[in-house]
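For any residue, its number in this note's numbering is found by taking its place in the sequence shown, counting from 1, and adding 158.
Think of the hints as simulated: they come from the structure by calculation, not from any bench. Some hints here could point you the wrong way.
As the list claims (entries may be wrong) - Lysine-lysine pairs mimicking DSS-like chemistry, simulated, CA-CA at most 30 Å apart: (1) Lys286 with Lys175; (2) Lys595 with Lys566; (3) Lys566 with Lys537; (4) Lys175 with Lys437; (5) Lys437 with Lys522; (6) Lys522 with Lys537.
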Amino acid sequence: MRALSTPRRAIHPRPRKLPVVAIVGRPNVGKSTLFNRIIGERRAIVDDFPGVTRDRNYAEAVWDGRQYIVIDTGGLDTEGNGGLEASVQDQSRRAVEEADVVIFLFDGKSGLNPLDAEAVDLLRVSQKPVLFAVNKLDSERRADNLYEFYALGLETLFSISAEHGLGIADLLDQMVARFPELPAVPNEPPEEKKIEAIVRPLRVAIVGRPNVGKSTLVNRLLGYERSVIDATPGTTRDSLDAPFELGGEACVLVDTAGIRRKARIDDRIERFSVGRSLKAVDRSDLVIHVIDGSEGVTDQDAQILSYAVDRAKALIVAVNKWDLVLTSGGDPEKYRAEVRYRLSFLDFAPIALISAATGYGVRKLLDTAARLVRNYRGKISTSAFNQALQQITRAHSAPLAAQGRAVKFYYGTQTASGPPTFTVFVNRPDAVSESYKRYLLHHLREELGFENTPIRLHLRSRREERSSHRGHIN
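Working from the sequences, and respecting the hints, build out all of it.
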């Protein structure tokens, strides 16, 4: 029997001091279903096949006015056989060590299992507050299955059905009652509290094809083994959130499943994983796209990056395993030039050469990411923007419109940030060619200090200032 182990590295401190709840249990007892029920959305993959969840999956939730972090885990099994399975077990044990309260699930459908008794003994050793719940009791016929679990010597058992929401309220009431007491904090002005409530945390998504080192990079950035690492492509199946700090700002780091071409996706779980990865890109502010340095840029890398560019995400191309490229005589400048050639549509994104395994280049990657985020959320005064716009359009005028009429740019203003978005009023928006739009975007980045940052430009007719925009440029 394996005891709960001490992490090889210290747990990275959470930017926000919230109570942590870990959901554990044997494989396929309904942990991910309960996780989704608690947070109110389908964040974790749910499937009847045991072992779908492999990494720790974090999310914030609120119950009875108390905010907390809930962790979904892989199956807590006392008979790990090494390899990938042992890594999954280790992730579950780390979640228990990090938690303030543990929810342990039994399977009320299949009944008491000998491994349940061993797992209960392990949790008693942990000396953490543990709530024991029997899941899948969603009918009168199964209700009596609750009593056989009292043979484990437990005083209180919760009868629940995570799928149908039965008994969840009583379980969460008792969970909150076991949270640590809130520390005393100085009174804050109402304005500060209101601002804190509406600011969405920064989201950084790590994406790329399978087995390029995304999870290794996540673990390197966090300073502990957050994600399961295995040589088998596709080890990460879910999009996994973890608290993180970037440039002194609290944010969420998202490790995603590898994205393949749809024609190569013949597994139902993997199809769902790909969908979650693309959704992670949609809800992120910064996308770090990891490519395998020894393989170079592939068509699939270009497709993923194009998806992110279309959504105007801040982007970094991280060339991983650069230490292996160097041993074969790789030249940094030539390699970057080749990447630029293959990704000609991505002229603004920086290229970072890193080794997630050794840590080479990771500090510089973080510094670049912090700078990009500042620019991505940056704001420019109206006077500064119009001064830059006048200089750019005077240096190179737009081609004449129909009947030889000149295209006139009147004025513009910033209308959004994240990404920086500007609305410019023009006499003939439809007469501005695509090549001239690219010229404007390129030079606006230079003049406004938005190098390496996507910006959006809306062209509108001055006579239609209250109508929808006619042109939209990324």
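Here is how each hint holds up against the structure:
1. Between lysine 286 and lysine 175 the CA atoms are separated by roughly 18 Å; this keeps the pair inside 30 Å, and the hint holds.
2. Among the hinted pairs, lysine 595 with lysine 566 is consistent with the structure: their alpha-carbon atoms are about 14 Å apart, no more than 30 Å.
3. Taking the CA atoms of lysine 566 and lysine 537, the gap is near 25 Å; set against the 30 Å cutoff, the hint holds.
4. Using a Cα cut-off of 30 Å, the hinted pair lysine 175 and lysine 437 holds, with the two alpha carbons roughly 27 Å apart.
5. Restraint check: the Cα-Cα separation between lysine 437 and lysine 522 comes to about 27 Å, which is no more than 30 Å; the hinted pair holds.
6. Only pairs whose Cα atoms come within 30 Å are accepted, and lysine 522 paired with lysine 537 is accepted, the gap being roughly 25 Å.
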